[in-house]
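Peer 1: With the hints as constraints, model all of the structure from the sequences given.
Protein sequence lines correspond, in order, to chains A and B. For the first sequence, the numbering used here assigns the number 547 to the initial residue and increments by one for each residue that follows. For the second sequence, the numbering used here assigns the number 94 to the initial residue and increments by one for each residue that follows.
Some clues are possibly wrong.
Selected chain B positions facing chain A (in silico; Cβ < 10 Å) [claimed, not checked]:
1. 112
2. 295
3. 298
4. 328
If you're looking for bench data, these hints aren't it; they were derived computationally from the structure. Using N, Cα and C, we set each Cβ at its ideal position, and we do this for glycine too.
Each chain, letter by letter, is given below.
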Amino acid sequence: MDILVVLEHKNGTMHRASMEAIAAGQSLARDLGQTVSVLAMGEDTSQMAQEASAKDVMEVLTAEHPLLKDYSADGYAKVLTQVIEAESPKYVIMGHTYMVRDFLPKVSAALRKPLLGDNIAYRIEDGSIIFTKQVFAGKLSADVVPNGDPPYLVTFQSAAFQEDAAAEGNGAAVRPVEVNLESGHISTTSEEPFQETTTTVDLASADVIVSVGRGIGKEENLSMIKALAEALGGQIASSRPVVDAGWLPPYHQVGSSGQTVAPTLYLALGISGAIQHVVGMKGSKNVVVINKDSDAPLFEIADFGVVGDILEIIPKLTEAVKAA
Amino acid sequence: MKIGVLTKQVPSADSPLKLDGGGKWIGEENVTFAINESDAYALEEALRIKEETGDGEVVVASLGPQRVQRGIREGLSKGADRGIHIEESLPYTSDPFLTATLFANTLRNESFDLILSGLQSDDLGLGQVGVLLGEMLSMSTATLVMETGISDSTIRVKRELEGGWFQWTTLKLPASISIQSGINTPRYPSLKGIMGAKKKEIRSIARNEVDDGGATLQTLRKVYIPQKVKRTEMIEGEADQVVAKLIDIFKRDIKVL
Ligand SMILES: Cc1cc2nc3c(=O)[nH]c(=O)nc-3n(C[C@H](O)[C@H](O)[C@H](O)COP(=O)(O)OP(=O)(O)OC[C@H]3O[C@@H](n4cnc5c(N)ncnc54)[C@H](O)[C@@H]3O)c2cc1C
Ligand SMILES: Nc1ncnc2c1ncn2[C@@H]1O[C@H](COP(=O)(O)O)[C@@H](O)[C@H]1O
Chain A
547 MDILVVLEHK NGTMHRASME AIAAGQSLAR DLGQTVSVLA MGEDTSQMAQ
597 EASAKDVMEV LTAEHPLLKD YSADGYAKVL TQVIEAESPK YVIMGHTYMV
647 RDFLPKVSAA LRKPLLGDNI AYRIEDGSII FTKQVFAGKL SADVVPNGDP
697 PYLVTFQSAA FQEDAAAEGN GAAVRPVEVN LESGHISTTS EEPFQETTTT
747 VDLASADVIV SVGRGIGKEE NLSMIKALAE ALGGQIASSR PVVDAGWLPP
797 YHQVGSSGQT VAPTLYLALG ISGAIQHVVG MKGSKNVVVI NKDSDAPLFE
847 IADFGVVGDI LEIIPKLTEA VKAA
Chain B
94 MKIGVLTKQV PSADSPLKLD GGGKWIGEEN VTFAINESDA YALEEALRIK
144 EETGDGEVVV ASLGPQRVQR GIREGLSKGA DRGIHIEESL PYTSDPFLTA
194 TLFANTLRNE SFDLILSGLQ SDDLGLGQVG VLLGEMLSMS TATLVMETGI
244 SDSTIRVKRE LEGGWFQWTT LKLPASISIQ SGINTPRYPS LKGIMGAKKK
294 EIRSIARNEV DDGGATLQTL RKVYIPQKVK RTEMIEGEAD QVVAKLIDIF
344 KRDIKVL
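Peer 2: Written as structure tokens, this is what we have:
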């Protein structure tokens with residue numbers, strides 16, 4: 547086996563990162579002249595397997611076991627390790643999701659094989675593969691190469707590949723694989739997932755969002771943001787550190803662990819543009835960024851950008867909006 | 094409860110990032126260093142668990158060049174009991190498997206009940222070391238942890254899932270837990286703490302003593318400034334001019350005024 551894409555699901559429905567991973571696997575297969583297969587793990591994988599078999603892949607493997615009904619890092623790591631040992635893929639590809647962060651390093655440890663995580667791209671140079679990831683909060687990129695013999699475990703950042711780039715096929719065969727799992731293998735027990743706060747702020751349907759980051763400096767300065775949001779008739783949102791510091795309640799947080807928004811105007815004030823923030827707001831129709839650092843990664847996705855001090859600009863902007 | 098905390102020293106967020114001549118790392122002149130953000134939360138959580146359970150020890154461990162001792166000392170001044178420094182000549186280690194191996198070989202005999210680490214390092218962002226180390230020391234593991242509750246032989250942790258969801262998971266001890274930022278409010282060192290820290294032990298171990306000669310699984314070839322792709326319309330001028338142009342854009346281009 548050449549390339550194995552491992553799927554992730556929630557209540558049977560495939561995670562969008564898995565479709566992106568299929569697209570990544572297909573791309574790699576083309577460039578390396580290899581084949582791509584997929585693996586669905588769970589108690590019942592029929593829905594995912596069916597969805598995956600419609601894609602242009604060689605084979606769909608299913609690893610089913612009652613103990614895979616609920617996610618556990620031990621269970622998933624154990625089963626994936628077994629499948630890798632039995633099938634000997636060269637590359638194992640997944641999306642860089644929270645679940646993958648949680649269990650894939652265990653597979654790396656068990657197999658003593660590299661996990662190259664959170665890549666935004668790959669390229670092939672002189673016949674060998676180089677992966678690119680963001681470092682230093684997106685301000686720099688790094689080229690990383692795997693050493694030794696495959697398999698290599700590889701994850702891609704959200705949107706590194708497009709979901710709809712996953713090519714259709716003509717019905718790949720589905721093959722169940724053997725799974726050895728006992729309750730003794732799983733050292734954890736989990737309770738039902740829950741949502742902490744009922745959202746009292748409907749960011750998802752807001753037309754104008756004034757979003758504030760750590761660049762605001764201190765809690766007292768938030769009144770400035772509130773005044774501007776009020777003048778613009780918009781909602782207040784924030785990056786994670788503002789919530790972590792307790793300056794705003796969690797339901798204001800935009801990003802991978804917060805809300806996903808798509809307003810007409812997303813005004814980002816003192817936010818650097820880490821990927822975990824960007825995934826929550828990149829669907830915004832117009833992004834305006836004010837940041838004192840001209841190299842802030844968020845400028846990359848801005849329609850309009852200002853390099854400047856928000857503490858100086860915001861009060862003036864608020865007055866001007868009121869006067870407009 | 095015997096708790097180990099991994100704290101990494103990283104360039105602080107507002108440090109200027111210039112590439113060094115070799116193209117493999119950043120030049121460190123003008124860079125100020127700080128404890129990795131999620132590690133600071135991990136340390137605070139360890140101190141709270143110790144205070145709550147009323148006994149035990151918090152040991153701060155760090156891998157890096159001589160300068161990381163300052164980070165360890167900061168941990169000691171906040172209340173950690175002792176420090177362990179794995180001394181490395183390079184300013185960075187880019188293979189998480191190697192980093193975890195060095196920690197495993199150093200910490201194995203400590204027999205910690207709990208190891209807390211940050212979710213990921215702010216420089217390389219690998220997000221693996223805590224779980225790898227847990228596996229190497231046969232501990233149970235959990236990541237993205239936003240609350241802990243400890244008992245004699247287990248720890249119950251609130252794990253963050255995507256999109257604002259959470260889940261409670263109970264792990265058998267010993268466990269290696271990767272802490273997510275925001276779990277608590279880290280304390281500042283007190284003056285007394287700072288004075289007391291000077292007397293606390295930092296054990297230094299040469300990296301070669303704990304390197305078992307295993308292969309490096311991945312190599313960082315180079316770091317570089319990413320190519321810009323999108324053409325952003327930059328608005329320039331003094332604050333008043335910028336504001337006037339923004340109003341114009343809000344009215345004409347974006348039509349929100
Ligand atoms: C698993 C995981 C999940 C995460 N989930 C989320 C999430 O859901 N949402 C989220 O936002 N983050 C999330 N994060 C954190 C994320 O990685 C970043 O750390 C965070 O987004 C950074 O927030 P920030 O841009 O406000 O702060 P920083 O990165 O510290 O940036 C502050 C910015 O303000 C600028 N600045 C400072 N002062 C001024 C001034 N006076 N005027 C103008 N600009 C100024 C600086 O130049 C800098 O660019 C997550 C991280 C992980 C690992
Ligand atoms: N050199 C280091 N010194 C101390 N702790 C480290 C080091 N490298 C990684 N860690 C710990 O492991 C966590 C995850 O790091 P990483 O896998 O590099 O993203 C960090 O948040 C630290 O707690």
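Peer 1: Now, for every hint given, state plainly whether the structure supports it.
Peer 2: Status of the hints after comparison with the structure:
{"no.": "1", "hint": "112", "result": "holds (8 Å)"}
{"no.": "2", "hint": "295", "result": "violated (27 Å)"}
{"no.": "3", "hint": "298", "result": "violated (22 Å)"}
{"no.": "4", "hint": "328", "result": "holds (5 Å)"}
The structure does not agree with the numbered hints 2, 3 stated previously, though it agrees with the rest.
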